[in-house]
Amino acid sequence: MPDIKPVISIKNVEKSYYGNKVLKGVSLDVMPGEIHALCGENGAGKSTLMNILFGMPVIHMTGGFEGIIEMDGQEVHILNPRQAMEHGIGMVHQEFMLIPGFTIAENIKLNREPLRPNLLGRLFGEKLMSLDTLTMKSDARTALNRLGLDVDENLPVDGLPVGYMQFVEIAREIDKKNIRLLVFDEPTAVLTESEAEKLLDAMKRLAAGGVGILFITHRLDEVMQAADKITILRDGTQIKTLNKADTTAKEIATLMVGREVEMRQKERAEQEEAPEGGREIAMSIRNLRVDMPGERVLGIDLDLYKGEILGLGGLAGQGKIGVANGIMGTYPTSGEIIVGGQELKLNSPKSSIAAGIAFVSEDRRGVGLVPDTSIELNMTIPAMVNQGRFLRHIGPLSQIARQEIRENAEKYIQELDIRCTGPRQAVRRLSGGNQQKVCIARALVLAPDILLISEPTRGIDIGAKSLVLDTVDRLNREQGLTVLMTSSELAELRLICDRIAIVTDGKVIDILPPDAPDADFGLAMSGVPVGTQSGGAAD
Amino acid sequence: MSNVKTILKNIGAARLIIILFLFSLIIAAAGVGQSMSVLASDSLVRFGMNLVLTLAMVPAVMSGTGMNFGLPVGILCGILGGLTSIELGGTGMGGLVLAIAVALPISAVAGYLYGRLLNMVKGSEMMIGTYVGYSMVSIMCIGWLLMPFKNPSMVWPIAGRGLRTTISMDSSFGSVLDKLWAFQIGGLTVPTGLILFSLFMCLLVYLFTKSKTGIAMAASGDNPRFAEASGISVNRSRIIGTMLSTMLAAVGIVVYAQSFGFMQLYQAPLNMAFAPVAAALLGGASTSKIKISHVIIGTILFQSLLTIALPVANVLMPEGNLSEVIRLIVSNGIILFALTQAGGGRE
Ligand SMILES: Nc1ncnc2c1ncn2[C@@H]1O[C@H](COP(=O)(O)OP(=O)(O)OP(=O)(O)O)[C@@H](O)[C@H]1O
Ligand SMILES: [Mg+2]
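Protein chains in written order, with this note's numbering: chain A, 1 to 539; chain B, 1001 to 1347.
Because the hints were derived from the structure by calculation, they are not lab data.
All residues carry an ideal CB built from backbone N, CA and C; glycine is no exception.
Treat the hints with caution; some may be incorrect.
Which stretches of chain B does chain A cover? Using the computed rule of at least three CB atoms under 8 Å from a CB of chain A, they are [said to hold, decoys possible]: (1) 1216 to 1222; (2) 1306 to 1318.
Here are some chain B residues the structure puts well away from chain A; computed CB gaps all over 12 Å [as the list claims (entries may be wrong)]: (3) I1106; (4) N1151; (5) I1158; (6) D1170; (7) T1189; (8) F1226; (9) I1232; (10) S1233; (11) Q1267; (12) S1293.
Okay, chain A solo, but in the shape it has when bound:
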């Protein structure tokens, strides 16, 4: 038997952050051409392990790690991302790492630009050679084509929808010539099902070419679809490495959480259909236009009924994300929004909050969090500033009410199962999924009448996902919270929404009941409304 060595072999890797052990001896091998999935709950240590492989500065700034990493049987010491690249490792990060002002092609070729000799270059060496823009563009084009992405490579990355940014990141990695191992940290989290499909195909094609792939995802169906091997982490401990052929999604889920998980389809209490005109309208949107780059809204009319969960679905870049941002006033908006009989002042987050609207942004790094501040303050700042809560007043002066803030944080940490060292931990130090939960808690603390929640389960594990969806559903049923939920995942919209509006080309194409056939959703997403509309103000 020919002796094929693993592309990478991780041996007994351990890592602590500030005395807190987050990886407790993990070992795994990735063979050439193998797709190896890494599964685990939020905070299990998946990103940490990948950051170690890629030599990310966070690792070395916090005291390095223990254990051995071998490539082709040779021990390697990867101290920075540059060395990782030299070893042929490519990484697609959980949070984007693109330069906004550069074009797609420039981002793909960044730091590896093809050069053309000129006079200065001949005299003084590589640093002064000209960029060969034509080769750059054609290389970028090739990489994008391999991913099946039909977008102009001359566009700046700035305005791109998140789904496209994800593909650009991936294109950058596969363009590297010597690539041996590709690491994907939750690449599909921001993608719709069809886009994710495309990505998985691309991954399989790459693997067939002999590249080893490490793949992190919370979507178990993707694991079952694409992976050859699966390693499961729980709280930094390696639970098991399995062959895909010998396991089921249910077993993986159980191993991840350490207990039986019900992957039940939640049944909805049969809504007694009130006559159309008779339901109270919580928010009425007319001719909404939102100038959000990459997610433009071009005139939407929509009524949100009191006490319902209205879903907003559609492909990336079609404008569904823009709607909530417009209502909240975080991007330039025009049109008319009536909340509780009053016209809402547009382009003013303050007025929106005052009108009882809270917002969980799809962009948790950019808008959702104050990274260097504690969990407890992150949860309460908007309530303090807008509602004067969590403050003690002494005449005209105020001081934060520590006790109250602490208790509030503890309550939500428990309720949403946020994995942290305590309410005072800085949110920067939380894993991605746990940061998401802090964002949700912050919106709930405002005790809103209307909750706008965008991509609520992005990057959170299956256990936490049902927790979040259940929480939204419970608040909706018990307290009559009205919800506008935007999501790329149709499945999750169908799970808890009363109605689902599909946004295509910046307009609501159709409003469908959650149990409408898949084909109807597919049609709506491609811009064709189904004849039988189930009510609503779409025209």
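Position chain B with the ligands against the provided structure of chain A, taking the given hints into account.
Just chain B with the ligands, lined up with the frame of chain A:
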């Protein structure tokens, strides 16, 4: 062992170097026969007189405008307050209070305008701030000549108009804070009033950072997009931060001058932003993150270094002007070192 490691890491390489340097200076000072108690007393005074100026960095950094290199703006307002107080014949504690009372509204207005300006140049506040500071100092060089102050202790004796470059405060409110409740143990003089007053200012700023406005300001500095989406006006927060920083600078220079014994006009305020910036950085602050503890630790380290380096240099290089050169090299060297630490090195 790992404990020692974490402690060292918490202190940070930059501060470790400075602490070691300080220790070697202390040993050198003892070696050349300097009196430890005199050096300690001087260090205490310099700590107290500079603390408020360093503290002025806190609201600026927290609101997201970076280190306030435009500190001279506030300093000029403080000087104006001090001069007014002297002109009106203020002496002792009353003179000090009057100086601060005059300086605060002026610096509030100046800070507001300066804040408006900084909102127009987001991203290059520190550079613009340096220029604003320089320009204001230059404009005031003319101002000092033209202002209608009459008090003979302040104007040029022969011309009878135009303010002098240094104005003695012996007959007004020089050393009022230093002498307040001052006591001696051994050869060590403790300027109790000065230190208490400066620490009290720290307490006020600390309380502010834990108020509604303070929290909103810190959030704007940490993540402006978050702040906007949470209904906080980032521009307003930045103006408040700049105003507070400017007002603290005004109070700071009054405290400084009463301790120093002189008001220094004309070119003197020009480079006064650098020492506070350096002290804050040495204390562990960065251009985007600062705590009151950074201010206190940094001021202690930076000022002790300067205090002790000077007599050591004097002994090593007795020729008059050489020791002055060495002193300049040391103090600017420390400032330069601190600036290289900005943002880097720590988390
Ligand atoms: N920079 C950091 N400083 C301190 N602790 C950290 C840091 N980054 C991560 N951690 C901690 O390490 C643990 C593992 O985090 P990691 O990001 O690897 O989780 P993950 O498996 O990728 O989770 P997720 O699915 O939520 O992305 C968590 O408990 C987290 O709080
Ligand atoms: Mg992660």
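Verification of the supplied hints:
no. : hint         : in the structure
1   : 1216 to 1222 : holds (count 4)
2   : 1306 to 1318 : violated (count 0)
3   : I1106        : holds, 23 Å
4   : N1151        : holds, 37 Å
5   : I1158        : holds, 51 Å
6   : D1170        : holds, 38 Å
7   : T1189        : holds, 36 Å
8   : F1226        : violated, 5 Å
9   : I1232        : violated, 5 Å
10  : S1233        : violated, 8 Å
11  : Q1267        : holds, 38 Å
12  : S1293        : holds, 16 Å
Violation of the numbered hints given earlier is confined to hints 2, 8, 9 and 10; the remaining hints are satisfied by the structure.
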